[in-house]
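Colleague: In case you want the letters, here they are:
2 protein chains.
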Amino acid sequence: MLNFNFQNPTKIHFGEGQISVISKEVPLDARVLLVYGGGSIKGNGVYKQVIDALSEHTFFEFSGIEPNPTYDTLMKAQEIIKRENIDYLLAVGGGSVVDGAKFIAAAALYEGNDEGINAGSDPWDILAKQQVITKALPIGAVLTLPATGSESNGNSVVTRDGIKLPFSSPLVRPLFAVLDPSVTLSLSDRQISNGVVDAFVHTIEQYLTYSVNGKVQDRFSEGLLQTLIEEGPKALLPETKENLEVRANIMWSATMALNGLIGAGVPQDWSTHMIGHELTGAFGIDHARTLSIVLPAVMKVRKGQKREKLLQYAARVWRITEGDENTRIDKAIRLTEEFFETMQVPTRLSDVDLANKDIDLLIERLGQHGMTALGEHSDITLEISRELLTQAL
Amino acid sequence: MLNFNFQNPTKIHFGEGQISVISKEVPLDARVLLVYGGGSIKGNGVYKQVIDALSEHTFFEFSGIEPNPTYDTLMKAQEIIKRENIDYLLAVGGGSVVDGAKFIAAAALYEGNDEGINAGSDPWDILAKQQVITKALPIGAVLTLPATGSESNGNSVVTRDGIKLPFSSPLVRPLFAVLDPSVTLSLSDRQISNGVVDAFVHTIEQYLTYSVNGKVQDRFSEGLLQTLIEEGPKALLPETKENLEVRANIMWSATMALNGLIGAGVPQDWSTHMIGHELTGAFGIDHARTLSIVLPAVMKVRKGQKREKLLQYAARVWRITEGDENTRIDKAIRLTEEFFETMQVPTRLSDVDLANKDIDLLIERLGQHGMTALGEHSDITLEISRELLTQAL
Chain A
0 MLNFNFQNPT
10 KIHFGEGQIS
20 VISKEVPLDA
30 RVLLVYGGGS
40 IKGNGVYKQV
50 IDALSEHTFF
60 EFSGIEPNPT
70 YDTLMKAQEI
80 IKRENIDYLL
90 AVGGGSVVDG
100 AKFIAAAALY
110 EGNDEGINAG
120 SDPWDILAKQ
130 QVITKALPIG
140 AVLTLPATGS
150 ESNGNSVVTR
160 DGIKLPFSSP
170 LVRPLFAVLD
180 PSVTLSLSDR
190 QISNGVVDAF
200 VHTIEQYLTY
210 SVNGKVQDRF
220 SEGLLQTLIE
230 EGPKALLPET
240 KENLEVRANI
250 MWSATMALNG
260 LIGAGVPQDW
270 STHMIGHELT
280 GAFGIDHART
290 LSIVLPAVMK
300 VRKGQKREKL
310 LQYAARVWRI
320 TEGDENTRID
330 KAIRLTEEFF
340 ETMQVPTRLS
350 DVDLANKDID
360 LLIERLGQHG
370 MTALGEHSDI
380 TLEISRELLT
390 QAL
Chain B
0 MLNFNFQNPT
10 KIHFGEGQIS
20 VISKEVPLDA
30 RVLLVYGGGS
40 IKGNGVYKQV
50 IDALSEHTFF
60 EFSGIEPNPT
70 YDTLMKAQEI
80 IKRENIDYLL
90 AVGGGSVVDG
100 AKFIAAAALY
110 EGNDEGINAG
120 SDPWDILAKQ
130 QVITKALPIG
140 AVLTLPATGS
150 ESNGNSVVTR
160 DGIKLPFSSP
170 LVRPLFAVLD
180 PSVTLSLSDR
190 QISNGVVDAF
200 VHTIEQYLTY
210 SVNGKVQDRF
220 SEGLLQTLIE
230 EGPKALLPET
240 KENLEVRANI
250 MWSATMALNG
260 LIGAGVPQDW
270 STHMIGHELT
280 GAFGIDHART
290 LSIVLPAVMK
300 VRKGQKREKL
310 LQYAARVWRI
320 TEGDENTRID
330 KAIRLTEEFF
340 ETMQVPTRLS
350 DVDLANKDID
360 LLIERLGQHG
370 MTALGEHSDI
380 TLEISRELLT
390 QAL
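Protein chains in written order, with numbering that gives the first Met the number 0: chain A, 0 to 392; chain B, 0 to 392.
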């Protein structure tokens, strides 16, 4: 096991009916900005539950945060924050809304970083120059879409001009998160699919690397993968899709997949995500669907480097015990692809109408964004990324 | 899954050499009381590492906290706290020292609870009248013995006149905990055995109940049990006992076993602990050794109530797939007993020279302490406790 530091103070309120706790979690004297997306929360009853819980609070609203939230949209929130002296953000939505709220929270109090040679007070520097933030507005979250884990971590991804830029700080980790699985019943099949696949690949990125004998981390990851494999498809089947236990298990898995725990003390990969981000940026493909396209190719091309963990994955997650090593690994990769197909997501670039000619642009962008040494060994060069994308055709 | 609220803000510093972080974690202007036990930390180098890290801090010492820390010992710390205006406790030791520091921290600022009809300012009320505390001194912990999970939870057990009394508050949860597995190399076999068994039974108490389809919690628990079964015996074998990876996996398992995570959203039992506490109180048996005696009896006597989970435990933890249901359950119980025997702890009352005649006293004490409705169904009466103890003869 590698040395690690781990802390996750986000308070989780899990279960049906828990949205009402925000009346107590948000300080009564706070000036709250309710931050949400396209308005689906008004159709599914979540908005009303939130408003009811805030009946004694002073709050304002900022809506319109899009999937893959953009810098331009998020900066529009600064006006109401200044005008109304907002001092608390309540994000109500999926990962994009929570990610967006994090950038809004950081930008609102950004004064530049005196210590950096790139000092300046433009919030854009948080993303473009990776300036460390020193303060942020407090955030609470009501999660409506289990997927990104953003509700209990300090990570955020913001898009500008088709480029996805991450930032991270413990200061923007939500103070509390409400996870009510019944809220997810109104999601489309596509949203559920994307969420399950996103959580699955988050787990894989922290698990399928090389062994450091972190037995607890490995088994926790395997437990999440098995749970997502079992429960994900049920959330799409007519006879089980309304089952709240299925939704609860998916929701808790997605949070645990990226709250820092399973990745503490073990190497991490994230090459699938970095390459996937370019697919979203260049071609507008849903985040999770870029992952289901790239991951099988990573498993195939990096079979040598990931051999030991692929065998463990085959044995423990898929219960494959027959055949020689290569046979077992190949079967595990095939079953992973079949799981993605069951989840109705693409596993090939051709499934989203991309071809060999499109790879050049992706490689060019990876180069522009400094993604020239990816993976747990930092040895996935642009040449290997090209090999991965070619494999994924 | 049951509804739940979960929060664990303790910052974990895990790995060899991490003790030095206390120089930054403990505020420089704090007046620190270093709290420890019988002085073993002076023999194994931990004391020196701590002192070195505190070279720029103002600190005082309070030692002599015994296993199963007593109220009388802990109250002696109040004098130095008042005299030296102590405002920070640094607990260096195992679960007893951390538990003791928690009571010291609560007692130091206890002013009684105005709202209770039993209001008063005697710290004894925290234990005897279960008065809710409203403040406590901040605590940091350097763990030397992986076992109780006390380093990242809000629980404490204090003994007075042979009676073990628990209290719990998020206010006494350590702000940070240093877990350096190399520190555990100086422990005796008996200390390691007890720690592994304690962590194992903590997990079982939150797992072996009835199913609420909490798939993540179940798999996390199973992962901890498997890890302890694999690594525990290695920590006793001459050829592997010095292996730091073994120690690291045991240490992280013990923390995860009782930091609140695996028990969130699932029913919990704790009957083995409650009955075990009386064995310690009445006959001075090591805590873990009371658990290894009581648990197999609970599994046997409560086979009907725990049937579904016992079958899952047999299949997933012990990989038992052959035979009818009773055969599989019986085999799992037998393997549990064999695991305890490998860990060199007793599994029978007769192993610690207790006999049928001693059961009356235990039942009497359970009655005195209100332990008349134990277990996940609150249906373990004194009569059933007697049956359990008779089974354990």
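Hints were generated in silico from the structure; no laboratory data involved. A few of these clues could be false.
[Said to hold, decoys possible] Below 27 angstroms or equal to it, Euclidean Cα-Cα: the simulated BS3-like pairs (lysine-lysine) are:
(1) A:10 / B:299
(2) A:10 / B:23
(3) B:10 / A:23
(4) B:308 / A:240
(5) B:134 / A:23
(6) A:41 / A:75
[As the list claims (entries may be wrong)] The following residues of chain B were derived to be distant from chain A, with all beta-carbon distances above 10 angstroms:
(7) 7
(8) 11
(9) 39
(10) 41
(11) 74
Computed from a predicted model, the values in this text were never measured in an experiment. Ideal Cβ placement from N, Cα and C applies to all residues, glycine included.
Colleague: Now, for every hint given, state plainly whether the structure supports it.
Modeller: Verification of the supplied hints:
1. A:10 / B:299: Distance of about 38 angstroms is beyond 27 angstroms: violated.
2. A:10 / B:23: holds, 25 angstroms
3. B:10 / A:23: holds, 25 angstroms
4. B:308 / A:240: OK: residue 308 (chain B) and residue 240 (chain A) at ~25 angstroms, within 27 angstroms.
5. B:134 / A:23: holds, 20 angstroms
6. A:41 / A:75: Given that 27 angstroms is the threshold and the Cα spacing comes to 21 angstroms, the pair holds.
7. 7: Answer for residue 7 (chain B): violated, closest chain A Cβ roughly 7 angstroms.
8. 11: violated, 5 angstroms
9. 39: Nearest chain A Cβ is 24 angstroms from residue 39 (chain B), so the label holds.
10. 41: holds, 25 angstroms
11. 74: About 32 angstroms separates residue 74 (chain B) from the closest Cβ of chain A, which puts it past 10 angstroms; holds.
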